[in-house]
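Q: For what it's worth, the numbering used here labels the leading residue of the sequence shown as 386, then goes sequentially.
A few of these clues could be false.
[As the list claims (entries may be wrong)] Cut-off 27 Å, straight-line C-alpha distance, at most; resulting in silico cross-link-like pairs (DSS-like, lysine-lysine):
1) K439 - K487
2) K439 - K499
3) K399 - K430
For the record, the hints were derived by calculation from the structure and aren't laboratory data.
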Amino acid sequence: MTRSEKAAVIEAIKANAERASFAVLTEFKGMTVEELTNLRVNLRKAGGEFYVVKNTLARIAFTGGTHDVVKDKFHDNSAIALGFDDPVAVAKALSDFAKQSKLFQLRCGSLEGKEMSAEQVEALAKLPSKEQLLGQLLGTMNAVPTNFVSLFANVLRGLLYALKAIEEKKGEAA
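Please take these sequences and the hints and turn them into a complete structure.
A: Written out as structure tokens, the structure reads:
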């Protein structure tokens, strides 16, 4: 690889890493190309990308950027997964793949520049997705006015029953 090719690789990774809100450093020693291709497809569906790059080039690309905290963790067979939209979806895709493949491991991560351990990435994968959280929020927000209307309806219904009982009592007395 020539010096200009290395510079181009570094710039491409640096640009993608700066766009990403989530980065996860992984280990893939012994995996086949087919397995890595399946991982790439799953990550693309989740809004992420997967790169296998030389450690020195990755260290240079990540130095001084948003995900600077993971630059010193590049050693042995390292690859980086980047998430652009929903970090939970990318974490789930990586976690599911790690459960299927005994050779694939999560090392560490960076969410918005804050370092995460492999256990924290796994915990992030267990959270509901962004769509599910928004659905729960909307359901909660909708429940408040619905319960308020039901409460007033019950109060008015009780008042009407009381007035009806008074009317019937006065009707019997007359």
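Q: Hint by hint, say whether it matches the structure.
A: Outcome of the hint check:
no.	hint	in the structure
1	K439 - K487	holds (23 Å)
2	K439 - K499	holds (23 Å)
3	K399 - K430	holds (22 Å)
The structure fails none of the hints (numbered hints given earlier).
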